[in-house]
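In the working numbering, the protein residues as written are 1 to 528.
Simulated from the structure, these hints should not be mistaken for laboratory data.
All C-beta atoms, glycine included, are put in the ideal place defined by N, C-alpha and C.
Don't take every hint at face value.
[Claimed, not checked] Computed Cβ-Cβ distance ranges for the label pairs, DEER-style:
id	residue 1	residue 2	range
1	GLN92	ARG463	51 to 59 Å
2	ALA378	ARG401	20 to 28 Å
3	SER460	VAL18	28 to 36 Å
4	PRO375	ARG19	44 to 52 Å
5	ALA118	GLU431	36 to 44 Å
6	ARG524	GLU123	56 to 64 Å
7	GLY71	PRO368	27 to 35 Å
8	GLU179	ALA518	32 to 40 Å
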Amino acid sequence: MTAMFVGVGTGDADLLTVRASRLLADCGTCLFEGVHGLHEVLSLCPPRARLVDTTGMPVSDVVAEIREASGRGDRVVRLIPGEPSMYRGVAQEVRALEAAGVGWQIVPGVPVVAAAAAALGIELAAPGGPGSVHIVRPSHEPGASPSDGERLPPLPTGGADLTVVPHVGPRQLAGVIRELVPAHGPECTVGIVVAPGREGEITVVGTLGDIADRMTGTDLPEDMVVCAGPALGSRRDDEGLDGGPAPVGSPSPESARGSVAPSVTPSASRMPAPTPGRILLLGGTEEARRLAELMVTAGLDVVTSLTGTPSRPRMPRGEVRIGGFGGPEDLARWLRESRASAVIDASDPFATGVSASATRAARETGTPLLRVLRPPWAPEDGDRWIPVADVDAASRLVRERFRRPMLTVGRGGPTAFAGDTRGSYLIRCAEPPPGLLPHRYLLVLDRGPFGIESERTLMSRHRIDVLVTRNTGAQSTVATLRAARDLRIPVVMVDRPSGSRPGQTGRGDTVHSVDEAARWLVHRFGSH
């Protein structure tokens, strides 16, 4: 058995090596650290591949995951940000695998500094050229972008032939420029590449004395690379390389400088206005994925939390945290440590534990809380609904009156029907249900949206005599209700818990659509 350590470069799937893409497409288990920027890469895995987020996991547990997956016959891929040789932790895992008798191979990736050099059109190590290059990488663990709260290692103060290339976060930028000025002088050429190698990449070139003014108005995402020194020659945005035209995509001198006079020592006050702190989005729903898309596009720092350990989650844009927080105390601790600006609870209406933890943690930390609660379904003409208070009540009713039920009650709901020896059940959920199940059942692992024709065919083929579902209000399963209506199949409708009904959400603001949530964000944080 061999674990493949795959460098994912900048996180853009288009910059993966051909070998890396093939390995991902054929993997059975994929281990990664933090989902930040990896949604496109993870989408290359097969639908049935097991995805394991190893954030915070000890090396011994990572090795155990790899050994267990190999024992099942899975092809194991371990994703490493950028180039594996440039990130700490790889050697430690490799040595641990050797001690456990597990083979390994490393597939290189594109270093973020190489992507930045390509964007600037320069050579960092031209033969006989610009002297030495000092790359300053952040001290964070693999899988994360540079944190604005951490300090970079001291920048070198070498001679005029030294090119310095730090990889920084947006709020570190002003301090890095200030630190470089005394050692290299205000006339030293500097290039900044925002989001190197990814969609939305921007390059800005100037001097240490005027780069702050040139950057004004530039959207700053999670990370950027600064390149200061002779490797850039005399290149400026208003001169181009070797006196040529300015590079495509770089701001013109007029638009970049504006009316602010250059300063020898840039100050943070002239850098782009800081965006709000991190926003925690409790996700797992279509509304949460749409909100994450809107917030990332707007330049907000959003972290989506997915509870449980889904084997094939639908990855939203932005950073993703899989596994939940373990309770309101741990969630409150995370909110304080992350200096979160807001919590948006867009979880499933039946995820009462998640919402209760969010309410308590937000109250304890004073963090603004928004609940995005989609409206429930309402019966229409022709519907034959039988409302019940909970899944246990649905189980009692089904055992008494029906023999061929179809259950769409989430992953944990089918256990309420365990022990029924008379019914023949069709159980559909996105993940395998835990615990005991009815005596006779057919399990279908699938998730919406579903089509009306396919739902009618499914119900007719299995001679379904009752549909049991929860009133989630999700548009992805409306076709299931319409198919039941067309076939005149009764529906046992499990009502929402009291705290998930409109007007009963407790502390914080409540909205009922993504558009309303977007307006709440604009009202609280302004337009970005």
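Going down the list of hints, with the structure as the test:
As the Cβ distance of GLN92 to ARG463 is approximately 57 Å, the hint placing it in 51 to 59 Å holds. Between ALA378 and ARG401 the Cβ separation comes to about 24 Å, which falls inside the hinted range of 20 to 28 Å. The hinted window of 28 to 36 Å between SER460 and VAL18 is violated, with their beta carbons roughly 46 Å apart. The supplied range of 44 to 52 Å is met by PRO375 and ARG19, whose beta-carbon atoms lie about 48 Å from each other.
In this structure the hint that ALA118 and GLU431 lie 36 to 44 Å apart at CB holds, the actual value being about 41 Å. At roughly 46 Å, the beta-carbon separation of ARG524 and GLU123 lies outside the given 56 to 64 Å, and the hint is violated. Checked against the given bound of 27 to 35 Å, the beta carbons of GLY71 and PRO368, roughly 47 Å apart, lie outside it. The hint said 32 to 40 Å for the Cβ distance between GLU179 and ALA518, and at roughly 39 Å that hint holds.
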